[in-house]
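Participant: Got two chains here, each in a separate frame; can you build the complex from them with the hints?
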Amino acid sequence: MNFHFNEEEQDILNMLHDFCLKEVKPLAAEIDEQERFPKETLTKLQEMGMMGIYMPEEYGGAGLSYLTYIGACEEFAKYCATTSVMFSAHGSLCCWPIEHFGTPEQKEKFLTPLASGEKLGAFGLTEPGAGTDAAMQKTVAEDKGDHWLINGSKIFITNAGEADIYVIFAMTDKSLGTKGISAFIVEKDTPGFKIGAHEKKMGIRGSATCELIFEDCKIPKENLLGEVGKGFKVAMMTLDGGRIGIAAQALGIAEGCIEETVKYVKERVQFGKRISQFQNTQFQLADMQAKCDAAKLLIYRAAQAKQDGEPYSHLAAEAKLFAAEMASDVTRRCLQLIGGYGYTREYPFERMMRDAKITEIYEGTSEVQRMVISGWMGVK
Amino acid sequence: MNILVCVKQVPDTTEIKIDPVKNTLIREGVPSIVNPFDGYALEAAARIKDKDPSTRIVVLSMGPEQAKAALKECLAIAADSAYLVSDRAFGGSDTLATSYIISQSIRLVEEKEGVKFDAIFCGKQAIDGDTAQVGPEVAEWLGYPQVTYGLEAEAAEDGLKVRTEAEDGVEIIGIQYPCVVTFTKPAWDPRYPTIKRKMAANRAQIPTLTAADFPAIDTARIGLKGSPTHVKKTFVPQKKSGGIKIKEETNEESALKLIALLSEAHVI
Numbered sequence: 013m014n015f016h017f018n019e020e021e022q023d024i025l026n027m028l029h030d031f032c033l034k035e036v037k038p039l040a041a042e043i044d045e046q047e048r049f050p051k052e053t054l055t056k057l058q059e060m061g062m063m064g065i066y067m068p069e070e071y072g073g074a075g076l077s078y079l080t081y082i083g084a085c086e087e088f089a090k091y092c093a094t095t096s097v098m099f100s101a102h103g104s105l106c107c108w109p110i111e112h113f114g115t116p117e118q119k120e121k122f123l124t125p126l127a128s129g130e131k132l133g134a135f136g137l138t139e140p141g142a143g144t145d146a147a148m149q150k151t152v153a154e155d156k157g158d159h160w161l162i163n164g165s166k167i168f169i170t171n172a173g174e175a176d177i178y179v180i181f182a183m184t185d186k187s188l189g190t191k192g193i194s195a196f197i198v199e200k201d202t203p204g205f206k207i208g209a210h211e212k213k214m215g216i217r218g219s220a221t222c223e224l225i226f227e228d229c230k231i232p233k234e235n236l237l238g239e240v241g242k243g244f245k246v247a248m249m250t251l252d253g254g255r256i257g258i259a260a261q262a263l264g265i266a267e268g269c270i271e272e273t274v275k276y277v278k279e280r281v282q283f284g285k286r287i288s289q290f291q292n293t294q295f296q297l298a299d300m301q302a303k304c305d306a307a308k309l310l311i312y313r314a315a316q317a318k319q320d321g322e323p324y325s326h327l328a329a330e331a332k333l334f335a336a337e338m339a340s341d342v343t344r345r346c347l348q349l350i351g352g353y354g355y356t357r358e359y360p361f362e363r364m365m366r367d368a369k370i371t372e373i374y375e376g377t378s379e380v381q382r383m384v385i386s387g388w389m390g391v392k
Numbered sequence: 020m021n022i023l024v025c026v027k028q029v030p031d032t033t034e035i036k037i038d039p040v041k042n043t044l045i046r047e048g049v050p051s052i053v054n055p056f057d058g059y060a061l062e063a064a065a066r067i068k069d070k071d072p073s074t075r076i077v078v079l080s081m082g083p084e085q086a087k088a089a090l091k092e093c094l095a096i097a098a099d100s101a102y103l104v105s106d107r108a109f110g111g112s113d114t115l116a117t118s119y120i121i122s123q124s125i126r127l128v129e130e131k132e133g134v135k136f137d138a139i140f141c142g143k144q145a146i147d148g149d150t151a152q153v154g155p156e157v158a159e160w161l162g163y164p165q166v167t168y169g170l171e172a173e174a175a176e177d178g179l180k181v182r183t184e185a186e187d188g189v190e191i192i193g194i195q196y197p198c199v200v201t202f203t204k205p206a207w208d209p210r211y212p213t214i215k216r217k218m219a220a221n222r223a224q225i226p227t228l229t230a231a232d233f234p235a236i237d238t239a240r241i242g243l244k245g246s247p248t249h250v251k252k253t254f255v256p257q258k259k260s261g262g263i264k265i266k267e268e269t270n271e272e273s274a275l276k277l278i279a280l281l282s283e284a285h286v287i
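Taken in order, these protein sequences are the chains called A and B. At the far end of the first sequence sits residue 392, using the working numbering, and the numbering has no gaps. At the far end of the second sequence sits residue 287, using the working numbering, and the numbering has no gaps.
These are computed hints drawn from the structure, not numbers from a lab. A portion of the hints provided could be inaccurate.
Stretch by stretch, here's where chain A covers chain B in the computed footprint (C-beta under 8 Å, at least three residues) [stated by the list, open to error]:
no.	stretch
1	205-212
2	215-228
Subject to a maximum C-alpha distance of 25 Å in a straight line, what follows is the list of computed DSS-like cross-link-like pairs (lysine-lysine) [stated by the list, open to error]:
no.	chain 1	residue 1	chain 2	residue 2
3	A	242	A	121
4	A	156	A	206
5	A	191	A	233
6	B	204	A	34
7	A	131	A	34
8	B	204	A	56
9	A	230	A	186
10	B	70	A	131
11	A	156	A	242
12	A	191	A	156
13	B	215	A	56
14	A	245	A	156
15	A	245	A	191
16	A	119	A	56
17	A	150	A	245
18	A	278	A	34
19	B	215	A	119
20	A	275	A	369
21	A	34	B	215
22	A	200	A	51
23	A	212	A	150
24	B	204	A	37
25	A	56	B	70
26	B	215	A	51
27	A	200	A	150
28	A	285	A	275
29	A	56	B	68
30	B	215	A	121
31	A	131	B	215
32	B	87	A	34
33	A	278	A	303
34	A	233	A	119
35	A	121	A	206
None of the values given here were measured: they were computed from a predicted structure. The beta carbon of each residue, even a glycine, is placed where N, CA and C say it ideally should be.
Isolated chain B, as found in the complex (with noise of 0.2 Å):
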């Protein structure tokens, strides 16, 4: 079986800093991490390598350079392989843009592995955009189907059974290949990297794709250009004080308290 895990290099910081100006993050003196959420993604598909060690596990991210920091921890992981696409030409993508890149990478790295990826595994979403669109986008732009918010996935007979968040429980939910999954956060950690593979890891080269790579891409559907979305305005929103918890013996005298609240509050 062959996975290919996005992942994404994000600021490791609950405190992000806005440009002001450009309305952009403000990167400089924050350390970087692999968004949790993709490094959750990683460890699902590790979890599929550990039953059935033959499955191959390549990570792709769009992003900077020093993104390769990012894709050196998932080889120190459980990734085999891994690939940066990175190109002044990409640079101010919104999420359809990215996700339309990142579509169009997967075709090159398949072309270049020699392989057909049965799934798409990424993060539900990254910790400082939030927009969890990018995985969905992607799906639509293969034309596979998707299941979102995943636990776990089990490869199955053509497909995978994939254990998801509901509202009130867990679903369970069959998927054919080839497929896109996007994961949230399970009950369990990932993986720490063994230190074999992390030192295997810091001496991997990792090819990069530019937009020379792509002859066949749509300019009109990448960078700045490409991108419909326009920021009107970014902030950072202000914290929110902790809220009350009413639980007495009854619902009725629960909801009699919580009536004298807002009373008292002027709400009602």
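Excised from the complex, chain A in its bound form (with noise of 0.2 Å):
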């Protein structure tokens, strides 16, 4: 397999680098001490067409491929996590569906602003009682001849309150489980669609995450996206690529870490020595490259899979679960090798570790990843 980018998209990632460098970097700190919404980074992504870089050009995206989405998803995890996942959450959960499962209709009133940069998107599918067991799903969708009526609520949505645009999904009927969820595309500002508290948090502290109530909310009959009672397929499938959009954000997170690792323990001097020169430096500093390039490797394939159209599910699955667990890892053994200034705010590594966490947890926890991956083994 190979994963070279060609020149151009190589090009477009170099010029998200130089971005990252002067917009993103400064910022991060910032925003996660304030738990402030990067909207001013949003807006200059917008303004560069950034937001639909992988989708179709018919549609005012980029047409530029998955795997260099996936590289930016990485990119901007270096500098700021929380600016990955505003960026992946509206990529992977919110214009992919749209893109998959709509209709030509949907994807030009609703894809084309979300690709253009109009519009930002968010993705509702986890509720109070159902997380991982996401088919206990209490938001109730009624068809009522010409309009659908929700009802219930959702928890921990990225992206909430600043986007416009909802991937939502809801039961329409009780009696048949996961065969009785269907999806739907909710606008913000519809009635009856309100934003709730907003979620206080360990880490990507800076990222949107609040509850999405739905009291008689009414929308139109043609949001719905996909068929009816196809809703939990729809969910499933739009996980399998986020996970690679979050598999990717952790191995931003973790390159990041160590670049920054790097540069400090070449500078910080203990016993007369720089600590580079220590060899517990070195070979830590070595174990932690070789898993960082191992996790990008398993992206890499996971999303030159989706790519190319072949089967990707236990291969997002397995780079999600290696690489974010690599992620919290290795961040916690550089703040370990900072010693005490690592554990300050002075210094990015305390806030690398705290937003690390997180990647083991959502679009599907790391046991989720290895039901997966035994189910698609065999192993029941």
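Facilitator: What follows is the structure, encoded as structure tokens:
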């Protein structure tokens, strides 16, 4: 397999790298500290056409490869995990299902503003009683003839309140279990649709994570995404892709952390030596680099498979499982190498360690990834 | 409206190394960028185009073949077309010869594009040579009025309203078309390229204008021969240590402190 980006793709990633150094990195600590959504960064990314990087050109996207998109998720996360998840929740969880399951009219109406950077997207599946067990949906959508009536709530929704377009899931027939779940597109400002409390989180603190509340929320019939009763499939397929984005986020966090650590250990002197001269430092960083590269190969392999239209569900699960646990391990070990300064907010290490943890939890916990992989192996 | 923006590709470094024999800049191994002041000039043109999308922006650069990378960057940001002026015969030109060649090039580009440029925008100076002479000299060769230290320009009836940086604030100067404006750093950052423009720019073919394209050019005014400037010596200035700030309660106290410090240093 060849994961090289072509010249054009590399050029766009280089442009994004420059952008991250100028705009993303300098804001990372501030938005974490203030728990503030990086709206100014989003506006610039929208103007650059970055938010529709891998969406088709006919819908206002840039038409670049999925692998390039994953490279972008990784690049953002090197400097700011919040920016990365804002980007991937939009790209993987809102643009993709509309592009994949939407009717031409839905694509025209919703995908075009999402891909051209006019609007931001979000995805709502998780509920208070339906986390990993996503089938236990309590949100209900009733067919009222000329519209759908939605009642219920969603929690932990990334980009909530900031997004304009939401892909959400609700029960259309409770008696059918997962086959009774359907997907819908809801626009912000729809009467009966409100944004609830803002979660206070350990990491990715600039990311807007809120509750979505539906109280007799009427949405047009044509906002059903995919077929009635096929929503669970829409959700699972969407999350398969989303996992590659989150794996890339984990990889980026680890890469960014290693980069900062290497800089630090080459300057810090203890016992009359730069701490980079101690074999413990050298071996630890060598191990971390090797694991990082292993994660990268898993992620790019999954992305390449998705791009080529091959089955990738278990590849995405392997990539996310390995990358997320690697990122938590790497950031923790880097902080230990730095010592006391690493524990302070003067340096980015503690933030990176807090940010890494979420990658083991959202868009499928590490345990879910193990279920997917062992299921694919036929170990039952 | 038609605007031509002159840009220069410069080394991206504050530690410029100089060839001690030739007294020229050593460019190898140093990444190249669009001269930042030229970027501000391009942004000023782009802002005019934001208001009037019929505005056409052409960029022109004189330099070696690799300067096409800088022109592509400008195409990615806002320019509609680009021209490189490049010929060994132009090598070694000082600011006077360069501005002569550029002014001739502007006329040639006008012919090729079939337009007459209403305004020529330049950065106030290049960060490698720092002379701030080429823009004003281009205006002289063309016989155009000029405004320097521009921050932003706005298209008015038959000319531009240019906000310029003055010693004690901002001046707004009206200037008639056709004109030359040089730009300095404004309060805002230039825009980023969009992905689509960036991809289109990479595929763009940039024409090179060589000496053969200028049959009427006065060869006595170009290249080393046409350059009256002779560099006697170049050197890297020593880094200055930071100064001190005296700000006492009253001006009188500040003056007394200054005198005390100067006496201590045996300056007075």
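Participant: A separate judgement is required for each hint: does it hold in the structure or not?
Facilitator: We went through each hint and held it up to the structure:
1. 205-212: holds (count 3)
2. 215-228: Three-residue rule met by the stretch 215-228 of chain B, so holds; n is 4.
3. A/242 with A/121: holds (21 Å)
4. A/156 with A/206: holds (21 Å)
5. A/191 with A/233: Holds - the C-alpha atoms of residue 233 of chain A and residue 191 of chain A are around 19 Å apart, at most 25 Å.
6. B/204 with A/34: Distance ~17 Å between residue 204 of chain B and residue 34 of chain A Cα, so the pair holds.
7. A/131 with A/34: Within the cut-off at roughly 23 Å; holds.
8. B/204 with A/56: Measuring from Cα to Cα gives roughly 20 Å; hence the hint holds.
9. A/230 with A/186: holds (19 Å)
10. B/70 with A/131: holds (23 Å)
11. A/156 with A/242: holds (19 Å)
12. A/191 with A/156: holds (20 Å)
13. B/215 with A/56: Answer holds: residue 215 of chain B to residue 56 of chain A is near 14 Å, not above 25 Å.
14. A/245 with A/156: This hinted pair holds, its Cα atoms lying about 24 Å apart.
15. A/245 with A/191: holds (9 Å)
16. A/119 with A/56: holds (24 Å)
17. A/150 with A/245: holds (17 Å)
18. A/278 with A/34: holds (24 Å)
19. B/215 with A/119: Between residue 215 of chain B and residue 119 of chain A the Cα gap is close to 20 Å, so the pair holds against 25 Å.
20. A/275 with A/369: holds (23 Å)
21. A/34 with B/215: holds (21 Å)
22. A/200 with A/51: Answer holds: residue 200 of chain A to residue 51 of chain A is near 17 Å, not above 25 Å.
23. A/212 with A/150: holds (24 Å)
24. B/204 with A/37: Satisfied, since the Cα-Cα distance of roughly 23 Å is no more than 25 Å.
25. A/56 with B/70: holds (19 Å)
26. B/215 with A/51: holds (22 Å)
27. A/200 with A/150: holds (21 Å)
28. A/285 with A/275: holds (15 Å)
29. A/56 with B/68: Roughly 19 Å between the alpha carbons, so the hint for residue 56 of chain A and residue 68 of chain B holds.
30. B/215 with A/121: holds (21 Å)
31. A/131 with B/215: Holds, at roughly 18 Å.
32. B/87 with A/34: holds (24 Å)
33. A/278 with A/303: With Cα atoms ~21 Å apart, residue 278 of chain A and residue 303 of chain A stay inside 25 Å; holds.
34. A/233 with A/119: holds (15 Å)
35. A/121 with A/206: Satisfied, since the Cα-Cα distance of roughly 22 Å is no more than 25 Å.
The structure is consistent with each of the numbered hints, conforming to all of them.
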